[in-house]
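Chemist: Generate coordinates for the entire structure from the input sequences, incorporating the hints supplied.
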Amino acid sequence: MSNNPVTGGIRVAESAHTVVIVGAGAAGIATAASLLAREPGLNIALIDPARTHYYQPGWTLVGAGVFKPASTARAMAEALPEGVHWIDSAVTAFEPERNAVILEGNRTVTYEQLIVCPGLKLDWQGVEGLAEALGRNGVTSNYRYDLAPYTWEQVQKLRGGRAIFTQPPMPIKCAGAPQKAMYLAADHWRRAGVLDDIQIEFYSAAAVLFGVSAYVPALMEYVHQYGIGLNFGQSLASVDGPARKATFRCTQADGSMALITREFDLLHAVPPQVAPDFVRESPLADAAGWVAVDPATLCHTQWPNVHALGDVANTSNAKTAAAARKQAPVVAHNVLAALGKRQGQALYDGYGSCPLTVERGKIVLAEFTYGGALKPSFPAWLIDGTRPSRLAWLLKERVLPPLYWRGMLRGHEWLAKPALAGA
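Position one of the sequence shown corresponds to residue 1 (this note's numbering), numbered consecutively onward.
It should be emphasised that the hints constitute simulated quantities derived from the structure, not laboratory data.
Quantities reported herein were computed from a predicted structural model and do not represent experimental measurements.
Among these hints, one or two may not hold up.
[What the hints assert, rightly or not] Simulated restraints, written as ranges between beta carbons of each label pair:
id: 1; residue 1: ARG38; residue 2: ALA253; range: 40 to 50 Å
id: 2; residue 1: THR301; residue 2: ARG38; range: 19 to 29 Å
id: 3; residue 1: GLY344; residue 2: GLN156; range: 37 to 47 Å
id: 4; residue 1: PRO295; residue 2: PRO379; range: 23 to 33 Å
id: 5; residue 1: THR247; residue 2: LEU420; range: 20 to 30 Å
[Said to hold, decoys possible] Subject to a maximum C-alpha distance of 20 Å in a straight line, what follows is the list of computed PhoX-like cross-link-like pairs (lysine-lysine):
id: 6; residue 1: LYS396; residue 2: LYS173
id: 7; residue 1: LYS396; residue 2: LYS375
id: 8; residue 1: LYS341; residue 2: LYS417
id: 9; residue 1: LYS362; residue 2: LYS417
id: 10; residue 1: LYS121; residue 2: LYS173
id: 11; residue 1: LYS375; residue 2: LYS417
id: 12; residue 1: LYS68; residue 2: LYS396
id: 13; residue 1: LYS362; residue 2: LYS245
id: 14; residue 1: LYS341; residue 2: LYS396
Note that CB positions come from ideal geometry on N, CA and C, so glycine has one too.
Modeler: Structure follows, in structure tokens:
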């Protein structure tokens with residue numbers, strides 16, 4: 001690689017690769033692994049400045065005292081598949097008209113095929129006072145590795161008062177996660193004999209408890225069991241940590257906006273979520289800032305040698321690791337087809353999964369595709385996803401973590417083989 005990427009004011013390529021993947025999260029590493037499983041020796045560069053890879057689905061269970069934080073983290077170098085060129089740098093821009101990715105320091109990487117999957121941005125600054133309040137005065141969030149243990153600490157300490165759980169406007173990663181934290185906390189308080197002394201309130205910007213109606217009845221049973229107060233159409237606007245006050249923006253019956261302030265003893269806050277800045281400001285983005293792709297092929301709507309998957313794509317599926325697990329083989333096949341190394345077109349059906357942890361030891365396993373159509377992975381006699389299940393809990397606690405580390409991130413596509421058009 002050249003140490004002088006700029007000559008006469010014009011960028012020159014510092015490195016060139018057949019496939020460049022931006023983002024080494026679940027989607028990026030799984031796609032790289034799926035590519036190499038199909039085409040060993042393929043020249044792949046994976047760009048990400050992070051030194052640690054996190055199993056983010058595990059943070060809900062860290063916040064409930066089930067997992068240790070360290071079990072959800074590994075050094076990036078250990079998580080990457082063998083044979084991938086890791087460029088540990090931040091992307092600043094895309095120049096698809098010349099097949100280039102611009103890195104910090106004005107360095108350039110060129111590609112034949114580009115895969116964009118840097119995840120999304122947790123906009124902590126999008127709620128006034130939230131960033132400053134986190135980690136103190138009972139303000140926490142399972143959406144951060146360093147705060148999930150604080151969630152568990154605060155849940156154990158609380159013996160009475162008001163506990164508030166929030167959910168921001170969609171789209172967000174794992175739309176069920178705000179509720180998961182609430183149900184597991186309530187279950188702990190019930191087991192500790194203090195549930196009757198704690199007022200639990202859920203404030204959601206959404207109009208319903210969960211977007212796929214088939215799973216709502218089971219969730220409502222737990223809402224009633226735990227005595228949870230539901231408040232829809234309300235978004236967290238500001239937090240005063242020292243005063244322990246949260247203010248919500250809500251829409252009145254006449255359509256006007258109002259602010260409501262509530263005191264709290266525990267606040268589990270979920271921030272608004274947006275595409276990363278370098279994506280929103282790029283020619284790859286749609287009007288809302290997400291990467292514009294065909295929802296089935298995951299190919300960019302304008303640039304045929306660009307694909308996107310994971311949280312950054314503008315597809316309507318749930319933004320979960322389970323979705324990325326299904327998307328990665330689709331993108332791997334279609335990228336190889338574009339390179340002339342495979343035949344046919346792989347299609348993604350919008351599958352997403354959200355294991356809703358309704359109590360310690362039971363899960364409502366929501367699995368669905370585009371349009372909210374149910375897509376269970378198991379027969380109903382084994383796991384009925386619309387009902388709480390002990391087996392679904394064992395799946396999340398015991399099976400999914402090793403499946404993630406040793407399966408998905410290694411190119412093994414258990415229950416994730418892509419369907420081909422016309423097949």
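Chemist: Decide, hint by hint, whether the structure agrees.
Modeler: Verification of the hints:
1. ARG38 x ALA253: 40 to 50 Å: 56 Å, violated
2. THR301 x ARG38: 19 to 29 Å: 25 Å, holds
3. GLY344 x GLN156: 37 to 47 Å: Cβ of GLY344 to Cβ of GLN156: about 53 Å, so the range 37 to 47 Å is violated.
4. PRO295 x PRO379: 23 to 33 Å: 28 Å, holds
5. THR247 x LEU420: 20 to 30 Å: Distance hint for THR247, LEU420 is violated at roughly 51 Å.
6. LYS396 x LYS173: With a Cα-Cα distance of about 17 Å, the restraint between LYS396 and LYS173 holds, given a limit of 20 Å.
7. LYS396 x LYS375: Within the cut-off at roughly 17 Å; holds.
8. LYS341 x LYS417: 17 Å, holds
9. LYS362 x LYS417: 28 Å, violated
10. LYS121 x LYS173: 10 Å, holds
11. LYS375 x LYS417: 15 Å, holds
12. LYS68 x LYS396: At roughly 15 Å apart (the allowed maximum being 20 Å), LYS396 and LYS68 satisfy the hint.
13. LYS362 x LYS245: Violated: LYS362 and LYS245 sit about 32 Å apart, past 20 Å.
14. LYS341 x LYS396: Measuring from Cα to Cα gives roughly 36 Å; hence the hint is violated.
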